[in-house]
Structures are given as C-alpha cells and as structure tokens.
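Following the hints, position chain B against chain A.
Chains as they are written, first to last, in the numbering used here: chain A, 696 to 872; chain B, 30 to 506.
None of these hints come from the bench; they were simulated from the model. Worth double-checking, as some hints may not be accurate.
Among chain B residues calculated to face chain A with C-beta under 10 Å, some are [as the list claims (entries may be wrong)]:
hint, residue
1, Q59
2, V60
3, W191
4, P197
5, Y208
6, T210
7, T226
8, Q255
9, V259
10, M263
11, G268
12, W281
13, E479
One side of the interface only, derived from the structure: several residues of chain B facing chain A at Cβ under 7 Å [said to hold, decoys possible]:
hint, residue
14, L57
15, R195
16, F203
17, G249
18, I278
19, K481
20, G482
Each residue gets a CB set at the ideal place from its N, CA and C atoms; glycine is no exception.
Letter by letter, the chains look like this.
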Amino acid sequence: MSSRRLIGVFENEEKTIQAIEASRQRGYKVVDVFGPHGSHEIERAMALSPSRIPWVVFAIGLLGAGLKVWFEFWTTAQDWPLNVGGKPFNSLPAFVPVTFEVMVLFAAVSAVISFFIVCRLFPGKKTQVPVEGITDDRFALVLEQTDSRFDVAVVARLLFTLGAVAVREQLAEEVPA
Amino acid sequence: MADIAISPVAASTLDSAPRPLIEGRRSLSQVTRDVLAPMEGRPTALWFVALAASVTLLGLGATAVTYEIATGIGTWGLNRTVGWAFDITNFVFWIGIGHAGTLISAILFLLRQRWRTSVNRAAEAMTIFAVMCAGIFPIIHTGRPWFAYWMMPYPNFRGPLWVNFRSPLVWDFFAISTYFTVSAMFWYIGLLPDFATIRDKSASWWRRKIAGFLSLGWTGSYRTWQRYEVVYLMLAGLGTPLVISVHTIVSWDFATAVMPGWHATIFPPYFVAGAIFSGMAMVLTLMIIARKLMRLENYITLRHLGAMCKLVIATSGIVGLAYATEFFTAMYSGNQYEQFVFANRALGPFAWAYWVMVACNVIIPQLLWFPHIRTRVGAIFAISLFVNVGMWFERFVIIVTSLHRDFLPSNWSSYAPTRIEVATLLGSFGLFFTCFLLFCRFLPVIAVAEVKGVLKHTWPHSQVGDRDGNPVEVQHV
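Chain A with its partners taken away, still in its complex shape (with noise of 0.2 Å):
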C-alpha cells in the first residue's frame, strides 16, 4: 500500500531536532531522520529504542570464552596430554591470555556482524537516500500520513516554519524504510 511522505530538509542539526519535537508532539508519524553524522540528541527526540546489540555480543562473548576454555583443557589435558616443564597438564591460569583473547574477538565480530545484519548493510546495496546533500551536510524529517490530520499543505508549512530548507512529497515506495 502506498502512502504519502513528506521530506523535510533542514541545513542544521538544531533545526531538525525542533522539527522533530514539534511533529511528534502533533502526533505525527516520524519514520526515519537522516543526516551527516551521528547526534545523541536527534536519536532522543525521535525515542528510537535502545538497541540489543550489546546483549548479542555480551551473549557470543561469553560462549566464546567458555568454548575456549573447553577446548584448551580438552587439548591439553585430555586429548593430548605432554608434559611441558612439569607443568599440570590442566594449567588453568595459562590459560588466561587465550581465553581473553578469544572473548573479545567472539564479541567484537558479533558486534559487526549483528550491527550488518540488523541494519541490512552488504556490499553492493543499492542505496537510495532521500535527499540529496544527507552524507554532507543536510539534514532530512521523513513524515508519514497516517490518518485525515496530516494535512501536506499544513504541515509542509510547519516544517517551512521550523526552518526546513525544501520540502518534497513522495510516495512510500520511493522513500527507503
């Protein structure tokens, strides 16, 4: 189903974190905002949710640690044990610097990967930004109608109001989730 979306274009960070407030206060529909850097204060004003990354990784960090540790005493002590120096062949504090090691690199491309997979980042996408200038210097408000309040003609003027630049119309389709 289609519907209409209204592109606001904001030259400021300032500007749109307004813009942002003031539609949400009206009820409505912000679907994404766009800009050339990151900025705590646009993600607050638009509430997005805490994301569960850190959980993911906390998560692949752990089992790869505890994979590690299974598999240097199995080596070690199990399946091949050698007497090394004298030392007990389940050396447990040797085991230490691998096993950390081993952590951070489970969680860290857990880290990556998650953040690839929930973000739909591969190589070769096709992109479509919906303004142009967003990886440079503009900032974008995509708005949605919902419902018979969203009037274009009002709230294009809002956005006029609140220090928007352009302002387009455009259907869902065009207009990347």
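Only chain B this time, still in chain A's reference frame:
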C-alpha cells in the same frame, strides 16, 4: 547575520586560552571538501618523493627477507648466547607503535575526548600498518615461515597434536591476530559513513563506484547511526582491555622466562606505558607529516599536537619511573645475577645503548613541559623522532643486555647486527610508510563524520556556519 572577526590565536597564548578543535570556521560541507581534497587532487611532489623513498626501503627489506628465508637464520648476527636480538626488538617496537592508535580511537573515545576526532582515523591506520610490520618478525624468526600456521590449533594428520596453550608464543599468536582483526574492523566501521560521503560527493566515477561498494548501502538514517554508535562503543570497550592485554602478553614473553633482567612483575604495566609512549610519538611524527603533506593544518591543530605532547610527557614519566624501579628492585632483591644485569646495562659494553634510551625517553621529552616548545611544530617533530629512537633502543637494551652476559661467564658473548638484519628493519619502515602514504592518498585521513559531529562544540555560544561557511546566529565570540 552577525558580522564577526576571528583573530588568529597567537602561539604564546595557546596554552592559556581554550583553543578551537577545528580552526577556521568550517561548515559541514567545507569539512567534506577539505578532507576529500587530497584524494581528489593530484598529490604533491613531496608525496611522490616520500613514496619513492618508502618503496625503495620496502624493496630493500623484501630482498633481505627473501635472502634470509632462502639461506637461513644464520644470516643474522645471533649466536648461542644472544638468541634473540633485532627480530624480537623490532617486533616489540612495532606492536608498541600500534598501541597509540587504539589508545586514541578507543580509550579517548570512552573518555569523551573530542579532540581525538581529527587524529583517530590516521592513528587507527597506523595501528593496522604497525601490527602488519610487527607480524613479519615472529614469522620469519621461526626460520620456516611457511609453517607459521602451526601456531594455530587445527585438526592435523599427525595424530591429536595440538599447540601448547601454556606457551607465550601461542599467546602472542592469539593476541596479535585478535588485535589485528579487531583494529581492522574498528577502522572499517569508522570509515563506513565516510565511504558514503565519497560515494555521493566524489568527482571521479571509479572512486564513487568503489566507495559505493565499500559503504554497504549507508544512507545516514539515524536508526543506523544509533546502532553504529552502539557498535562503535562496544568495539572501543573491547579494544581498550584488548590493547592492554596485547602488550601485557608481549611482556610475558620475557617475564615468564627465569632470566635476570626479564623476570620482573613490573613488566606488564611498564610495557603498556612504553607502548603508548612510543605510539604517541609515532602519531605525532605522522600527524605532523600528514598535516604538511595534505594541508590539514586547520584540522590537526596545535591543540591536538599539544594534547598528544601532554600524553607523551605523562607516559615518559611512567617509563622513567619503571627504569628506576627496575634498578631499585635489582638492588633490593639481593640477587647477584639481577644486580649484575642492571650494573652491566648502565656500565657494560652496551652502556651507550642504555644511555641513548634514557636520554631519548626520559630526559628529552621533559622539554615538552615548556609551552613555547609544545607549540612549535618543528620542536615537537624532533622530540617525537628522539622518542621513536629511544623506544626502539629500550627493547634492544632489554633483550640484548639481559642475554649477552648470562649466568656463566664462559657463555658470555657479544652481538652485532648483520646487514640483513639492518635491511629487514629498514624494510619494515618502508612497508609502514608506503602503506601510510597510500592511505593518505586514497582514503580520508580525517574522520569526516566525526569531525562534523564535534563542530558544534568547537565554537561555544555559536552555531556552525551555513553552506558557504558564513557564521549564523552568533551570540558571542
């Protein structure tokens, strides 16, 4: 629109007045233009000269390594007493250089140091290239580098034969491969938004295509930015203990041996501080070169150089304290072998190396206490070179002076590097600088998106400029 005049900040007042993070009132699009300019334009003649010199050194090193592999480790100056020398000195030196990159990108990120944004990209690149250089030495040091994969546990046809997890060599393998992987991922994740900027702004068709492929379809959506920042924070949080663990493990290569001069509990913190010290000096060296070659004086400002100088002073103090502590521990231990090693270091045949180390690492960096030295780029550059030399000698002193006169005087021997060893060291510098110069030419040296994120903090009480760089809504300057 207010009409404002910004007077250039005099060098003498730089330390007393808060200095801007980015000089010149830059707008968002000007940042893009400035940072992409060195990639778009023709490189300077100086860049070509530097690249030619680096490639020559790289070729020399490659020839030396090829000859060494074809002939054997006998081409080095090692003997039955001094079994380690240039190879492990160079390895520890290069690993240490890499650490400042992670310090700037991860630890300073966690400490919310905004000045890091201008230098973190280049520092992370430096980490990756330094770890590559470091990796060469243990591999060729094994004598049969084509069997380097034996350090990895893998199911093999020789029965259930596994690596020895109690061996520091295996710890090193895991530490360095993890460090390289995590550093490379951290670097690439940081580059994603900038690849998207190149994709959308570059004038060259092929650069747009390559950057488009590498940007993985980045759109600048704040839903992505939010997760990006979470992942960046996770990697910084993981990178911080990682970097400390890597040099701690490298120090255990020595400390787990029962060898006077090596068998010391102070080694882990001492090595980590030394690594940050040498790496910070190398960041300074490279940043001063890059800001000159790529005309980035507005982004890598005296404020950045000053902040790094202060880190150099702090870590120089830690390293100096560690040198003194080692002597005190030897004296206080009552162990005659330990006492002899330290007396031999300061007064024996390699005393010259020891005093070069002390002069370069402890005495010369004290000049940075003076603000007028800390604000002179030439002086900082010279001091950073001294620290690089001094830190290389630190590793040489630890290794060679502990080994060359061991428990039995009948074993005593000396050590001098052969031409092959010197050429291998020079070759590693060639590899490092070749990679760094290519990086300066083909990738954004400054993290564009991160610099844009701190612009609003640069000029207090005002907003950043409009598209043409004119300041808007200025209340106070």
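Comparing the hints with the structure gives:
no., hint, in the structure
1, Q59, "holds (9 Å)"
2, V60, "holds (8 Å)"
3, W191, "holds (4 Å)"
4, P197, "holds (8 Å)"
5, Y208, "holds (8 Å)"
6, T210, "holds (6 Å)"
7, T226, "holds (4 Å)"
8, Q255, "holds (5 Å)"
9, V259, "holds (4 Å)"
10, M263, "holds (4 Å)"
11, G268, "holds (8 Å)"
12, W281, "holds (7 Å)"
13, E479, "holds (7 Å)"
14, L57, "holds (4 Å)"
15, R195, "holds (4 Å)"
16, F203, "holds (4 Å)"
17, G249, "holds (4 Å)"
18, I278, "holds (5 Å)"
19, K481, "holds (4 Å)"
20, G482, "holds (4 Å)"
In terms of the numbered hints stated before, the structure departs from none.
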